[in-house]
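Protein chains in written order, with our numbering: chain E, 20 to 344; chain H, 6 to 315.
Think of the hints as simulated: they come from the structure by calculation, not from any bench. Hints are supplied without guarantee of correctness; some may be wrong.
Which chain E residues face chain H? A few, computed with CB under 7 Å, are given here [stated by the list, open to error]:
| hint | residue |
| --- | --- |
| 1 | A101 |
| 2 | G103 |
| 3 | V107 |
| 4 | S120 |
| 5 | E123 |
| 6 | D124 |
| 7 | V144 |
| 8 | S232 |
| 9 | Q312 |
Over the 10 Å line for every Cβ pair with chain H, so calculated as not near, a few chain E residues [what the hints assert, rightly or not]:
| hint | residue |
| --- | --- |
| 10 | D139 |
| 11 | A209 |
| 12 | D332 |
Partial list, derived from the structure: chain E residues whose beta carbon lies under 8 Å from chain H [claimed, not checked]:
| hint | residue |
| --- | --- |
| 13 | D110 |
| 14 | P115 |
| 15 | I119 |
| 16 | T127 |
| 17 | D131 |
| 18 | A142 |
| 19 | T145 |
| 20 | N151 |
| 21 | P338 |
Being a predicted model, the structure only gives us computed values, none of them experimental. Backbone N, C-alpha and C fix where the C-beta goes; we use that ideal spot for every residue, glycine too.
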Amino acid sequence: MKRIARFLVAVLAVAMLAACSSGGSGSQTPPSSEPPAQTGGETGGEQTPSGEETITLGLAVSTLNNPFFVDLRDGAQAAADAAGVKLVVMDAQDDPAKQISQVEDLITQKVDVLLINPTDSDAVVTAVEAANEAGIPVITVDRGANGGEVLAHVASDNVAGGRMAGELIVELIGGQGQIAELEGIPGASAARDRGEGFHQAVDGVEGIEVVASQPADFDRAKGLTVMENILQAHPDIVAVFAHNDEMALGALEAIEAAGKSDQILVVGFDATADAVKAVEEGRMAATVAQKPQEMGRLGVETALKHLNGESVDEYIPVPLELVTQ
Amino acid sequence: MQGNVQIKDRVRQLGPGLAAIVLGLALALLSDQFLTASNILNLLRQISINAIIACGMTLVILTGGIDLSVGSVLALSGAVLAGLASGGTPWPLALLACLALGAAVGLFNGVVITRGRVAPFVATLATMAIARGLTLVYTGGRPITGLPSALRSLGTGYVLGIPVPIIIMAVVFLLAYIMLVHMPVGRFIYAVGSNEESARFAGIPVARVTTLTYVLTGLAAALAGAILTGRLNSAQPTAGSGFELDAIAAVVVGGTSLAGGRGSVLGTVVGALIIGMLDNGLNLLGVSSFYQQVAQGVVILLAVLMDRRK
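Produce the entire structure from the sequences given, and follow the hints as far as they go.
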């Protein structure tokens, strides 16, 4: 009997822990004066005093083990705090099964709008359909859903980013010369959109010619070999645009090995740590950075707009930013 | 002495059940949504995959073994199911192939352990890596999509208002319960786990009984893989990572001894329920998922400490 008692006490202790960390912020009445949520980023609690209609948004994040999505969460949290609404954040740790369970639990909590940053565009469909059935609007963030009804999709404007990169290259080479393009995995949406924007900027500019557009699959090693081949065929190129930084860094290796770093400038995409360092060292001309905080903020603001009865666009582009020296 | 032992056994069996009830009551007090019909179905559906794997895992652990390959077997058989079905194979055939594959990997585990005399931990650790690697080879590292709707309903469908995964879980539990409690093979499994030597002297076919438990566990993992594939609307190459630990946790929290010979499949289902209630309840309460992992660890630790004190 003693043992049962001990076990029960322990279980109760766990339950208390739950009660404390939720009760803390949940039992307070609204919100604008309330300090931002605790470290976990969650706000808690179901015990909204009756009569008070607090808006609750649910945010299911793919993983908080990646700084990109932590920034996304922070942006969403800041926007929710500023608007005085509650934001419940769940971390799926990149496990699609866990994400579905978490979305189901958010539906059970009757959140007003669901923001989902899918772990996988196919796997999330079950979760989106469950929300549709419960009549809760869904906004996807960063990655889209391949099924179900989605109110809006908030993601980086890759077309605009490609255009920014193209325009920068035109400016840096003085509107004159041959350019090469390293493309991402054929058919991938990021590759398509970034390429489209790039071509909008450079095609038809007098004196500029894109002499090579070849896929290197977002891969650094492939970027290296493809660039080696391009250098053989077109020794006079003056600039390279790569659809991501990995390929840009691979191309950089090929260019430096060929001793042409003074002649050819490289622009990448994503602003990975390696690429930003290369830009700072002057080896790369620029890279295009996504803004995850903006993504989170726009997600929350779109949700609130919808709840206010305003119409929202199906696709909400998040602006990008050039990183130069 | 005899009476004392029996009382202790009762305590062991009652502990997890009482803990589940207390935890359920506590969560019901804290959240108005916890004890709603829709959330109960929600919760049961969420635990079904873990509970099904854990039923198989209970058999293995009762013999004193362990199976670390279940997560990878789940992924591999789910991938083969999705690959065949999306490639035009009629879905019942694809499902059969998926289950047969799970059983075959289990047979491989069993043979390596009993004939090759490899420790179960090491043998299934190797199988875990092999099956995960084969999954990546088979899928090319990308999810397989395009499932027929019949397979989707394995994970998302309802029969008479009850989600299909819950029904499958109930059937698996019943079969495992009947086998352990009402069939000779059940007694053999306990005997092997209690004392392998004396089981052998008593004429129990130890190798065959042990192998059978791995085959059934592989089968359970494949079945769970089929459900997960339906639920995810796709076969994910990384599906099931860490599921072996979730299943072991459910078995241990359910009061089954890792040393073998003592425990029950009912306890395991209750163990899966406790772990599921923690996740679901803490989600409903808005507790950060970071703390949820801490809570889960504490519960596992408590369960093992109870086992020690026995």
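Hints and how they fare:
1. Because the smallest distance between the Cβ of A101/E and any Cβ of chain H comes to about 19 Å, over 7 Å, the interface hint for this residue is violated.
2. Nearest Cβ of chain H to the Cβ of G103/E: about 17 Å, over the 7 Å cut. The hint is violated.
3. Annotation: interface hint on V107/E holds; nearest CB of chain H at approximately 5 Å, less than 7 Å.
4. This hint holds: S120/E has a C-beta 5 Å from the nearest C-beta of chain H, less than the 7 Å allowed.
5. Among the interface hints, the one on E123/E holds; its C-beta lies about 5 Å from the nearest C-beta in chain H, closer than the 7 Å criterion.
6. Taking 7 Å as the C-beta cut-off, the interface hint given for D124/E holds, the closest approach to chain H being about 4 Å.
7. At about 5 Å, the closest approach between the beta carbon of V144/E and any beta carbon in chain H falls short of 7 Å, and the interface hint on this residue holds.
8. Because the closest C-beta pair between S232/E and chain H is about 24 Å apart, greater than 7 Å, the hint is violated.
9. Because the beta carbon of Q312/E sits about 20 Å from the nearest beta carbon in chain H, more than 7 Å, this interface hint is broken.
10. With a cut of 10 Å on Cβ distances, D139/E falls inside the contact zone with chain H, its closest approach being about 6 Å.
11. Even its closest Cβ contact with chain H, about 15 Å, leaves A209/E beyond 10 Å, as expected for a residue assigned away from the interface.
12. For D332/E, the requirement that its beta carbon stay farther than 10 Å from each beta carbon of chain H is met, with the minimum near 26 Å.
13. Because the closest C-beta pair between D110/E and chain H is about 4 Å apart, less than 8 Å, the hint holds.
14. With 8 Å as the threshold, the beta carbon of P115/E comes within range of chain H, its nearest partner Cβ sitting at about 5 Å, so the hint holds.
15. Against a cut-off of 8 Å between C-beta atoms, the interface hint on I119/E holds, since the closest Cβ of chain H lies about 6 Å away.
16. The closest approach between the C-beta of T127/E and any C-beta of chain H is roughly 5 Å, which is under the 8 Å cut-off, so the hint is satisfied.
17. Annotation: D131/E was flagged as interfacial toward chain H, and the flag is violated, the nearest CB pair being 14 Å apart, outside 8 Å.
18. Contact between A142/E and chain H, as hinted, is supported at the beta carbon level, the nearest pair being about 4 Å apart and thus within 8 Å.
19. Taken as an interface hint, T145/E checks out: its beta carbon lies about 6 Å from the nearest beta carbon of chain H, inside 8 Å.
20. The restraint placing N151/E at the interface with chain H is violated, with a minimum CB-CB distance near 13 Å, outside the 8 Å limit.
21. Taking 8 Å as the C-beta cut-off, the interface hint given for P338/E is violated, the closest approach to chain H being about 30 Å.
Hints 1, 2, 8, 9, 10, 17, 20, 21, counting from the list given before, are not met by this structure.
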